[in-house]
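Engineer: Protein chains in written order, with our numbering: chain D, 1 to 618; chain U, 1 to 357.
Incorrect hints may have been included.
[Unchecked claim] With a straight-line cut-off of 25 Å between C-alpha atoms, the simulated DSS-like cross-links for lysine-lysine are:
no., chain 1, residue 1, chain 2, residue 2
1, U, K357, D, K227
2, U, K339, D, K421
3, D, K421, U, K277
4, D, K226, U, K339
Keep in mind that the hints were calculated from the coordinates and are not lab data. Every value quoted in this text rests on a predicted model; they were computed, and no experiment measured them.
Residue strings, one per chain:
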Amino acid sequence: MKVKDHVRDEVTIRFAGDSGDGMQLTGSLFTNTTALEGNDLRTLPEFPAEIRAPAGTVPGVSSFQLHFGSKEIMTPGDECDVLVVMNSAALKANLTMLKKGGVIIANTSGFDKRNLNLSKYGDENNPLDDGSLDNYTLLEVDISKLTKESLSDSDLSYKDIERAKNMFVLGMLYWMYNRPLNSTISFLETKFASKPDITQANIKVLKDGYHYGETTELFTDTYTVKKAAIGSGDYRNVTGNKATVLGLVAAARQSNLPLFYGSYPITPASDVLHELSKLKNFGIYTFQAEDEIAAASSAIGAAFGGSLGVTSSSGPGIALKGEAIGLAMMLELPLVVLNIQRAGPSTGMPTKTEQSDLLQAMYGRNGESPVAIVAPATPADCFETAFEACRIALEHMVPVYYLSDGYLANGSEPWNYPQQKDLKKIHVSFEPARNGDHEKFLPYVRDERFVRSWAIPGTAGIEHRVGGLEKEELSGDVSYDPDNHQKMTMLRQAKVDKIADFIPEQKIDTGNEKGRFLILGWGSTYGMIRTATRELLEEGVDISHAQVRYLNPFPKNLGDLLAGFDHVIVPEINTGQLVRLIRDKFAIPAIAINKIKGRPFFVDELKQEIREVISSKS
Amino acid sequence: MSLETKIDLHTQNGSSETESYKGKDFSSDQDVRWCPGCGDYTILKQVQNMMPKIGVNKEDIVFISGIGCAARFPYYMNTFGMHSIHGRAPAIATGLKVSRPELSVWIVTGDGDSLSIGGNHFMHLLRRNVNVNLLLFNNQIYGLTKGQYSPTTPEGSVFKSTPYGSIDHPVNPLALSLGSDGAFVARTMDRDPRHLQEMLIRANEHKGTSMLEIYQNCIVFNDGAFELFTDKKSRPRETIYLEQGKPLVFGDNEEKGVRLDGLKPKVVSLDDGSYSKEDLWIHDEQDNTKAYLLSRFFDQKESVDGLHLPRPFGVLYAIDRPCYDEGVRNQVEEVVQRKGVGDLDEILRGPETWTVK
Ligand code: SF4
Numbered sequence: 001m002k003v004k005d006h007v008r009d010e011v012t013i014r015f016a017g018d019s020g021d022g023m024q025l026t027g028s029l030f031t032n033t034t035a036l037e038g039n040d041l042r043t044l045p046e047f048p049a050e051i052r053a054p055a056g057t058v059p060g061v062s063s064f065q066l067h068f069g070s071k072e073i074m075t076p077g078d079e080c081d082v083l084v085v086m087n088s089a090a091l092k093a094n095l096t097m098l099k100k101g102g103v104i105i106a107n108t109s110g111f112d113k114r115n116l117n118l119s120k121y122g123d124e125n126n127p128l129d130d131g132s133l134d135n136y137t138l139l140e141v142d143i144s145k146l147t148k149e150s151l152s153d154s155d156l157s158y159k160d161i162e163r164a165k166n167m168f169v170l171g172m173l174y175w176m177y178n179r180p181l182n183s184t185i186s187f188l189e190t191k192f193a194s195k196p197d198i199t200q201a202n203i204k205v206l207k208d209g210y211h212y213g214e215t216t217e218l219f220t221d222t223y224t225v226k227k228a229a230i231g232s233g234d235y236r237n238v239t240g241n242k243a244t245v246l247g248l249v250a251a252a253r254q255s256n257l258p259l260f261y262g263s264y265p266i267t268p269a270s271d272v273l274h275e276l277s278k279l280k281n282f283g284i285y286t287f288q289a290e291d292e293i294a295a296a297s298s299a300i301g302a303a304f305g306g307s308l309g310v311t312s313s314s315g316p317g318i319a320l321k322g323e324a325i326g327l328a329m330m331l332e333l334p335l336v337v338l339n340i341q342r343a344g345p346s347t348g349m350p351t352k353t354e355q356s357d358l359l360q361a362m363y364g365r366n367g368e369s370p371v372a373i374v375a376p377a378t379p380a381d382c383f384e385t386a387f388e389a390c391r392i393a394l395e396h397m398v399p400v401y402y403l404s405d406g407y408l409a410n411g412s413e414p415w416n417y418p419q420q421k422d423l424k425k426i427h428v429s430f431e432p433a434r435n436g437d438h439e440k441f442l443p444y445v446r447d448e449r450f451v452r453s454w455a456i457p458g459t460a461g462i463e464h465r466v467g468g469l470e471k472e473e474l475s476g477d478v479s480y481d482p483d484n485h486q487k488m489t490m491l492r493q494a495k496v497d498k499i500a501d502f503i504p505e506q507k508i509d510t511g512n513e514k515g516r517f518l519i520l521g522w523g524s525t526y527g528m529i530r531t532a533t534r535e536l537l538e539e540g541v542d543i544s545h546a547q548v549r550y551l552n553p554f555p556k557n558l559g560d561l562l563a564g565f566d567h568v569i570v571p572e573i574n575t576g577q578l579v580r581l582i583r584d585k586f587a588i589p590a591i592a593i594n595k596i597k598g599r600p601f602f603v604d605e606l607k608q609e610i611r612e613v614i615s616s617k618s
Numbered sequence: 001m002s003l004e005t006k007i008d009l010h011t012q013n014g015s016s017e018t019e020s021y022k023g024k025d026f027s028s029d030q031d032v033r034w035c036p037g038c039g040d041y042t043i044l045k046q047v048q049n050m051m052p053k054i055g056v057n058k059e060d061i062v063f064i065s066g067i068g069c070a071a072r073f074p075y076y077m078n079t080f081g082m083h084s085i086h087g088r089a090p091a092i093a094t095g096l097k098v099s100r101p102e103l104s105v106w107i108v109t110g111d112g113d114s115l116s117i118g119g120n121h122f123m124h125l126l127r128r129n130v131n132v133n134l135l136l137f138n139n140q141i142y143g144l145t146k147g148q149y150s151p152t153t154p155e156g157s158v159f160k161s162t163p164y165g166s167i168d169h170p171v172n173p174l175a176l177s178l179g180s181d182g183a184f185v186a187r188t189m190d191r192d193p194r195h196l197q198e199m200l201i202r203a204n205e206h207k208g209t210s211m212l213e214i215y216q217n218c219i220v221f222n223d224g225a226f227e228l229f230t231d232k233k234s235r236p237r238e239t240i241y242l243e244q245g246k247p248l249v250f251g252d253n254e255e256k257g258v259r260l261d262g263l264k265p266k267v268v269s270l271d272d273g274s275y276s277k278e279d280l281w282i283h284d285e286q287d288n289t290k291a292y293l294l295s296r297f298f299d300q301k302e303s304v305d306g307l308h309l310p311r312p313f314g315v316l317y318a319i320d321r322p323c324y325d326e327g328v329r330n331q332v333e334e335v336v337q338r339k340g341v342g343d344l345d346e347i348l349r350g351p352e353t354w355t356v357k
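Isolated chain U, as found in the complex:
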């Protein structure tokens, strides 16, 4: 006797070959309803375009979202999908992935959904390391409710609910992810489709919770929130693209670098002869301490000698550690190995019985 259930019998009937797809196979028949010019469009397009590359049949892919503008995402993907309740997508995804580990499960969430109302689930998803991908569309605003500040909005911002400026200290999503022992923590932006797609593929390849923060422009309520990083002119100075094993170099002409002075990151100049690329911080995705320091390249005021740290994009941290869903499965299998498949009559009977004639 085995533990084979109706689900196994049902899904075994399907074809075992992987279909080949084009990006458009992943777009559903629904009209996309985001505001024209919203950053969500690019993200949708890149997700649809990368899907044929991951080699998973579309019936085996599930998108789960909570509430917010981003949460409409599943309706536009021609896969299985659930538009659920505010903040709870990680919990729903956990239940699905634990019970159906063969599925490719994607969570689409926003800064309010994930870091405010769903903050608890976000943290626990990461520490459990459930093997799902979480796309965090960060636009630093509540869009769907028409423009209140969000948990990632910088202090002092004036929005509908903060006419005198926000006095809320914002969440640093990457530092929070690392603090929750996230095993894959990365950042990208809507305005760099190539990098976005590369990061989506990395996130998918990584086994465990892959937390990908995507800077997403809300053209209606918070246009230009990330302009410093997305604008072609300022981007070289203000961002740094992380690559495994490569030094942290940035600037219009790659003339600047980040050096580690003990545990203190410092911006140094590479063109005045005092430092060369060999002196710089070499990116190591598996170094937890460095990842944490990188996540703190966040506050624009954090400047050294008038040079502030650039915002890092790419994979800050990626390590392998056991996934919760796999652990649950293994434990069930282990117990079955040890005790055999449970006998219902035995537990119905219990340890002590008597017979009445």
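Chain D with its partners taken away, still in its complex shape:
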């Protein structure tokens, strides 16, 4: 049979299997190869909530979705073109993600009686042969058996052989998509450097998978996805959490400060702790604290001593830090709080994404307690936004919330990474020492930005006390004076408002500067809104898109920008939080579009919702 090659401008593949099947690795390796081939891409891994959910069951399914193309790719794809399932549970959990008419590559040995029972199809109902998949292209491959055959001469244990089956899948897909094997081979050589027999076995299975694609008559089509026309430069692939780490390290370098990171393990923020703790030779101090409160408090202690203090968490962990963040605000010390948001409330859905902590960041402390807030828009944007969070905290002596989320944290995209020489400097100076005959040091004297000086221990002549009690305007002495309290409250607010003079103006991302409809988003919805807006523009809709990175204070021109549109639509993965801030601040009837399913928007559903708003307004 002749194999036909098709050129595609975008493809979405979803790898799904049991947690133990190595689907995350398979997906990442395919991603790296794809990136090196010059495609634009986005990924979305999804893990089971349980660490070791029973093998073969639906809750134990782990998946990895990759959307790549020769055109601009801004989302991991609403639906997939190809679904790889290693067992029946993986099919059950993921079939709804597959396009009608899409391709299913099924590992038939994962559809034996045991698996069918565990996945609750029942051993009499094998979906592979009951006709229920007739609307799809079903490719059945006994991957487990073929892997065993591939390694029949090897001395490896049964377990190691079983583990290699994901390489067979990868090999087949490399053949299907005309991808080279060399990046994966060199990965295997490094990863198992100390176990050459495992390296060789995996490489053999990978190649056999590739050849299987070539020789078997099962596959009738291959696909070519050409290089994307992305801007020239040097690229790497990066996840949101990794980019966040790099942003923090870069900020520490560019301010020449030690980085102190106080953290307590929590999903999905822990990876930031893991990554930072590897970078000790950058002068980074990571402290795994006894609890969330200690994590935040230790960062405040470090900031008092002159370090870049950072703490991180998610969901309920952030709630615990509230009092400490209020203290940092009151002391007027720099503190960066990373909130890698997850679906709430309470424990919520730890492995699922949501952007429902904006109002908590804005208002979730006792008293009048303003802090700055920023939010990254894409995995790579986490770098610059984390850097900005540090810059604002250090230059304005204020706590800054950084609102990433689970979707950005684990998702990845190509990144035109910067070099150190291109990075901004962060300007920090400590209050200098003074000798005895100097006048008394007043810790709450402010400059023209309402920022006090950073007066660190170890500096002679400026010994002073700070605290959470209300303080007298200049001296910082405890004060219960009514007028002073009002004045200090206003000053702390003015200080945060003033940051607006030191951040970039809001830009329109897509579409005209003025018009009928503006879609205003923040955070991780960027890719979906941008794609939806572009598609609607092509359909002739008068629509624009802007994504807000600086959420408190807003960019100075935001009000004017909004005023240029008849209607402002705010889609969010919550029940309406930015939309409330916009209505409150600008007194406009902004329209909310909300989804709260623990998942990002799909482009199609977003377009549909936007169309509905548009038709209600015309």
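Model the placement of chain U with the ligand on the given structure of chain D, informed by the hints.
Structural biologist: Chain U with the ligand in isolation, oriented as in the chain D frame:
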């Protein structure tokens, strides 16, 4: 290239010589606002008086407190200070000490602050053995909130929130400290300034977390809570002052001693000829088991032959073990030695890159 940061450059400018001070150099310009007669005054005075003796410049000293009457302490010290949030001073101090190990860091806390709301941090500070000093002002009451029982208040006590008597079993702070693997555990009292100062100096000299419990009289809400130990008349009978290598002797005329019968402490009489000082328990600060037994000289009901055990004051336990802050520093230095100072461009680039023309 080194890891020298802005902090190093900034603090190197200061003078390297140690200033000589008088006690009053350590008092700030703030009016002290504790109730007249409060035990906190003596403690403040002794801390201010001992500071010139430790040979540290006052810009290198930091007092950190949580919330409570005791927590006002930093405002009255002319050093760096932070009056923070309830119970969290140990966590703040840990962050400061890890990032600035050259500073002399003091935590001032109370029984509610440290053993109730901040109990978790207290325990972890001690087990990590961060090189800071923790002064635990124990007055067995919530003073600042006007008189509720605290986690150290004896059972049955009647206070504002316990009109029918407290049914809460109290914390034994020294046993808790030892149970948390505290490396320096000591007790003193406000009414014995000489001993208090001696203990402050010992605490400061010890490398690691030095936990000093100070019995402190709250004259307003719990006056006389420790009278048995502080009153000149009962003190000889009710207390025992521990000294390294010395037998455990007490009593009006030093006529009583504590003897170890296996692991059971017994009060024996030294004046009826049956026992002499050689037969007594010899205090050894490095003996963990003995320290634990001493920490249990706590319950007044624990009496043997009608003679109850005296309350020990002094250093129960002091050993050297690695400090967390030092460990963190060493690890950073080790990794720098091994890998060299990190190259930002290398990690920005990551393991795999490609170029788009
Ligand atoms: S309430 Fe008690 S502890 Fe507090 S200041 Fe007054 S006497 Fe001292």
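Engineer: If a hint holds in the structure, say so; if it doesn't, say that too.
Structural biologist: Here is what the structure says about each hint:
Taken as a hint, the U/K357 and D/K227 pair is honoured in the structure, with Cα atoms around 11 Å apart against an allowance of 25 Å. With a C-alpha separation of about 22 Å, the suggested pair U/K339 and D/K421 falls inside the 25 Å cut-off, and the hint holds. Taking the CA atoms of D/K421 and U/K277, the gap is near 75 Å; set against the 25 Å cutoff, the hint is violated. About 40 Å separates the Cα atoms of D/K226 and U/K339, which puts this hinted pair outside 25 Å; it is violated.
When held up to the earlier numbered hints, the structure conflicts with 3, 4 and fits the remainder.
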